[in-house]
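Asker: Please build the complete structure, drawing on both the sequences and the hints.
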Amino acid sequence: MRQDIRITDQAFDPELELAGFRASLSEAGALVSFTGLVRPAGKDGDVSILSLQHYPGMTERGIADAVVKAAERWPLEAALVIHRVGDMTPHDPIVLVATASAHRRAAFEAADFLMDFLKSRALFWKSETGAEGRQWIEPRDEDYADAARWDDS
Amino acid sequence: MRQDIRITDQAFDPELELAGFRASLSEAGALVSFTGLVRPAGKDGDVSILSLQHYPGMTERGIADAVVKAAERWPLEAALVIHRVGDMTPHDPIVLVATASAHRRAAFEAADFLMDFLKSRALFWKSETGAEGRQWIEPRDEDYADAARWDDS
Amino acid sequence: MAQLLFFGRLGDLAGGTERALGLSEPHTIADLIGILGACDDLLGSALAEPRVRYAINGAIVDADALVEDEDELAFLPPVSGG
Amino acid sequence: MAQLLFFGRLGDLAGGTERALGLSEPHTIADLIGILGACDDLLGSALAEPRVRYAINGAIVDADALVEDEDELAFLPPVSGG
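Chains as they are written, first to last, in this note's numbering: chain A, 249 to 401; chain B, 249 to 401; chain C, 441 to 522; chain D, 441 to 522.
Computed Cβ-Cβ distance ranges for the label pairs, DEER-style:
{"#": "1", "chain 1": "A", "residue 1": "R309", "chain 2": "D", "residue 2": "T457", "range": "12 to 22 Å"}
{"#": "2", "chain 1": "B", "residue 1": "T337", "chain 2": "D", "residue 2": "G456", "range": "51 to 61 Å"}
{"#": "3", "chain 1": "D", "residue 1": "G477", "chain 2": "B", "residue 2": "D261", "range": "51 to 61 Å"}
{"#": "4", "chain 1": "B", "residue 1": "D313", "chain 2": "A", "residue 2": "A350", "range": "22 to 32 Å"}
{"#": "5", "chain 1": "D", "residue 1": "A470", "chain 2": "A", "residue 2": "P323", "range": "41 to 51 Å"}
{"#": "6", "chain 1": "A", "residue 1": "D399", "chain 2": "C", "residue 2": "A470", "range": "54 to 64 Å"}
{"#": "7", "chain 1": "B", "residue 1": "P288", "chain 2": "D", "residue 2": "T468", "range": "56 to 66 Å"}
{"#": "8", "chain 1": "B", "residue 1": "D261", "chain 2": "D", "residue 2": "N497", "range": "43 to 53 Å"}
{"#": "9", "chain 1": "D", "residue 1": "E508", "chain 2": "A", "residue 2": "I253", "range": "28 to 38 Å"}
{"#": "10", "chain 1": "B", "residue 1": "H339", "chain 2": "A", "residue 2": "A312", "range": "20 to 30 Å"}
{"#": "11", "chain 1": "A", "residue 1": "A350", "chain 2": "B", "residue 2": "D252", "range": "26 to 36 Å"}
{"#": "12", "chain 1": "B", "residue 1": "T337", "chain 2": "D", "residue 2": "D502", "range": "50 to 60 Å"}
{"#": "13", "chain 1": "A", "residue 1": "Q383", "chain 2": "D", "residue 2": "G477", "range": "19 to 29 Å"}
If you're looking for bench data, these hints aren't it; they were derived computationally from the structure.
We put the beta carbon where it would ideally sit given N, CA and C, even for glycine.
Answerer: See below:
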């Protein structure tokens, strides 16, 4: 399986990346993508800046391990993970995950699995800055529950 | 919820459509897309042409009903369905489904649901033309099983 | 004239996706399949297969539904999705 | 010098994401938290919270792991994903 994992502090263009990903495919009939966008409404009213911090090296290795697990579990032709760090404003793309497989079920489940990993286990720390100042965010219980779906099955 | 449903006999550009879809969003934090591509390997060896037939009017109404069901079930900001008909060759995009919601679970499940509908219940008839001539295709048992997942829950 | 539409492999058997049929009085779909089958066994039995559904003017109906002149009757074999 | 890294809200408490600490001999992470806590109660108790994980040179370890001079010790509070 081909894989492409990138963490960047620069804005990226999800559709440009997806076009390149699709052009790279030779066998797949199914391509699933997830794009995460900075939402305008935060917990304490409007968010002006969302900031993501990572641990260079260790964060990438954790994502690479999750991609390996996905490839062991589903027959993927290729997987792409791009994750933004640093300061972002509403509507900015934060994360892009794309998976390609012969059939759609594998592509859907692998993308879902990778997003659950990124949301609850990858080494990212998020803060939101709004009218009330900066606030660090922790995962929602929902995120832990989503990730736990893959643990024993 | 905004919806955009199109059946076309012209080639379309999935990433261009996705860029437009993303630009239309105001609240969503999660965008899931599925792109179906003509696979080079068919049942009887290589496929040179895949052809899709639909029942104009009735096919569109069936898809519109499925989109309404998805919107009743998941809090979606927008949904996009583009389906190609006519003759296609390997690697051509056949179908694009995109869903956008505040959170990722709704976007994933709604896209998955719509694809299951399109694969097993929408009024499309598919034939593959290869070295052995034209052959009409019926859904795999897997497609019926996938669609049945949504029936009672 | 009633318009008959044959989708998927039924179009191959019918020798085309559309056929016009003048109906002086309403007939059930089952009757029409019998008439078509009298001229063409293979087509008649394919149209009567249990997995084939019928639609009159875009609405799914049973084989005992009446087709009138000016109606559009579609024969829908199992679909095979995108 | 050992490099200490404080992620997320721990960086706010530590007054920065990095701090260098000369270690003439190896110390357990628990001991180092005690030393840091002696100067700064709030930081000490935040670092000792059960949900905070520790990594030495990029590998997750327990609080009784030994940190040597030249090691990189990271304090990892609960992550908050993409």
